[in-house]
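Single-letter residue listing:
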Amino acid sequence: DQQVKQNSPSLSVQEGRISILNCDYTNSMFDYFLWYKKYPAEGPTFLISISSIKDKNEDGRFTVFLNKSAKHLSLHIVPSQPGDSAVYFCAASTHGSGNTGKLIFGQGTTLQVKP
Amino acid sequence: ETGVTQSPTHLIKTRGQQVTLRCSSQSGHNTVSWYQQALGQGPQFIFQYYREEENGRGNFPPRFSGLQFPNYSSELNVNALELDDSALYLCASSPETGNTQYFGPGTRLTVL
Numbered sequence: 051d052q053q054v055k056q057n058s059p060s061l062s063v064q065e066g067r068i069s070i071l072n073c074d075y076t077n078s079m080f081d082y083f084l085w086y087k088k089y090p091a092e093g094p095t096f097l098i099s100i101s102s103i104k105d106k107n108e109d110g111r112f113t114v115f116l117n118k119s120a121k122h123l124s125l126h127i128v129p130s131q132p133g134d135s136a137v138y139f140c141a142a143s144t145h146g147s148g149n150t151g152k153l154i155f156g157q158g159t160t161l162q163v164k165p
Numbered sequence: 033e034t035g036v037t038q039s040p041t042h043l044i045k046t047r048g049q050q051v052t053l054r055c056s057s058q059s060g061h062n063t064v065s066w067y068q069q070a071l072g073q074g075p076q077f078i079f080q081y082y083r084e085e086e087n088g089r090g091n092f093p094p095r096f097s098g099l100q101f102p103n104y105s106s107e108l109n110v111n112a113l114e115l116d117d118s119a120l121y122l123c124a125s126s127p128e129t130g131n132t133q134y135f136g137p138g139t140r141l142t143v144l
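Chains as they are written, first to last, in the working numbering: chain A, 51 to 165; chain W, 33 to 144.
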């Protein structure tokens with residue numbers, strides 16, 4: 051039972067354009083969502099997160115949008131740079147003290163940004 | 033501030049053997065979670081340790097066990113290794129349970 055899904059295994063965009071990575075979830079108990087970036091031979095690096103009480107969170111070139119009714123979130127990268135080329139994982143959890151906050155990950159989307 | 037570190041980087045074992053992987057949490061973090069990442073998949077939660085006690089477990093058999101020490105570093109032990117245990121094992125630490133987790137570089141385990 052895949053509770054978090056990233057339906058696009060790969061995405062290719064031109065440098066300077068927008069990259070949009072999508073993620074769907076099924077468990078309505080999730081209240082905290084995160085995006086991680088992973089380079090080969092490295093562990094996942096935390097990028098940005100969003101609480102279920104918000105619908106948007108922005109950090110520099112990265113913006114995450116949350117649509118709770120659709121159980122969908124997306125990560126926008128503007129402008130995309132070649133160094134953004136990596137595997138991006140969406141993750142969901144139940145946040146806050148008293149919860150483990152264990153992360154349920156999607157399968158990942160490989161982003162390639164072409165110069 | 034030192035991030036999460038893991039050792040060893042790579043490990044090769046044969047079926048039936050036992051293995052111990054180690055993790056040092058980020059300074060100030062008291063919670064350590066372990067994940068298994070198979071090729072082409074997202075990481076899967078194995079278990080979490082909080083203040084030296086197991087604080088939640090994923091769908092992994094009892095031959096996967098762990099420890100957390102007073103300095104909050106942690107070990108993952110796997111007994112009776114199977115071929116399917118070949119994966120990248122990731123350790124993540126957080127300031128408290130339920131907080132954002134920060135990952136180490138992982139240990140690549142190959143079981144032959």
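To be clear, the hints were calculated from the coordinates, so they are not data collected in a lab. Certain hints may be false.
To be verified - Here are some of the chain W residues that sit facing chain A, going by a computed Cβ distance under 8 Å:
{"#": "1", "residue": "59"}
{"#": "2", "residue": "61"}
{"#": "3", "residue": "70"}
{"#": "4", "residue": "77"}
{"#": "5", "residue": "87"}
{"#": "6", "residue": "88"}
{"#": "7", "residue": "92"}
{"#": "8", "residue": "93"}
{"#": "9", "residue": "96"}
{"#": "10", "residue": "127"}
{"#": "11", "residue": "130"}
{"#": "12", "residue": "142"}
Unchecked claim - Here are the computed distance ranges between Cβ atoms for each label pair:
{"#": "13", "chain 1": "A", "residue 1": "104", "chain 2": "W", "residue 2": "46", "range": "46 to 52 Å"}
{"#": "14", "chain 1": "W", "residue 1": "35", "chain 2": "A", "residue 2": "70", "range": "25 to 31 Å"}
{"#": "15", "chain 1": "A", "residue 1": "95", "chain 2": "W", "residue 2": "43", "range": "19 to 25 Å"}
{"#": "16", "chain 1": "W", "residue 1": "52", "chain 2": "A", "residue 2": "57", "range": "34 to 40 Å"}
{"#": "17", "chain 1": "W", "residue 1": "49", "chain 2": "A", "residue 2": "70", "range": "43 to 49 Å"}
{"#": "18", "chain 1": "A", "residue 1": "62", "chain 2": "W", "residue 2": "41", "range": "43 to 49 Å"}
{"#": "19", "chain 1": "W", "residue 1": "52", "chain 2": "A", "residue 2": "109", "range": "34 to 40 Å"}
{"#": "20", "chain 1": "A", "residue 1": "70", "chain 2": "W", "residue 2": "86", "range": "16 to 22 Å"}
{"#": "21", "chain 1": "W", "residue 1": "39", "chain 2": "A", "residue 2": "103", "range": "36 to 42 Å"}
{"#": "22", "chain 1": "A", "residue 1": "92", "chain 2": "W", "residue 2": "144", "range": "20 to 26 Å"}
We put the beta carbon where it would ideally sit given N, CA and C, even for glycine.
Structure-based check of all given hints:
no., hint, in the structure
1, 59, "violated (16 Å)"
2, 61, "violated (12 Å)"
3, 70, "violated (10 Å)"
4, 77, "holds (4 Å)"
5, 87, "holds (6 Å)"
6, 88, "holds (4 Å)"
7, 92, "violated (12 Å)"
8, 93, "violated (17 Å)"
9, 96, "violated (15 Å)"
10, 127, "violated (10 Å)"
11, 130, "holds (4 Å)"
12, 142, "violated (14 Å)"
13, A:104 to W:46: 46 to 52 Å, "holds (49 Å)"
14, W:35 to A:70: 25 to 31 Å, "holds (29 Å)"
15, A:95 to W:43: 19 to 25 Å, "holds (23 Å)"
16, W:52 to A:57: 34 to 40 Å, "holds (37 Å)"
17, W:49 to A:70: 43 to 49 Å, "holds (45 Å)"
18, A:62 to W:41: 43 to 49 Å, "violated (30 Å)"
19, W:52 to A:109: 34 to 40 Å, "holds (37 Å)"
20, A:70 to W:86: 16 to 22 Å, "violated (39 Å)"
21, W:39 to A:103: 36 to 42 Å, "holds (39 Å)"
22, A:92 to W:144: 20 to 26 Å, "holds (25 Å)"
Taken one by one, the earlier hints fail for this structure at numbers 1, 2, 3, 7, 8, 9, 10, 12, 18, 20, listed in ascending order.
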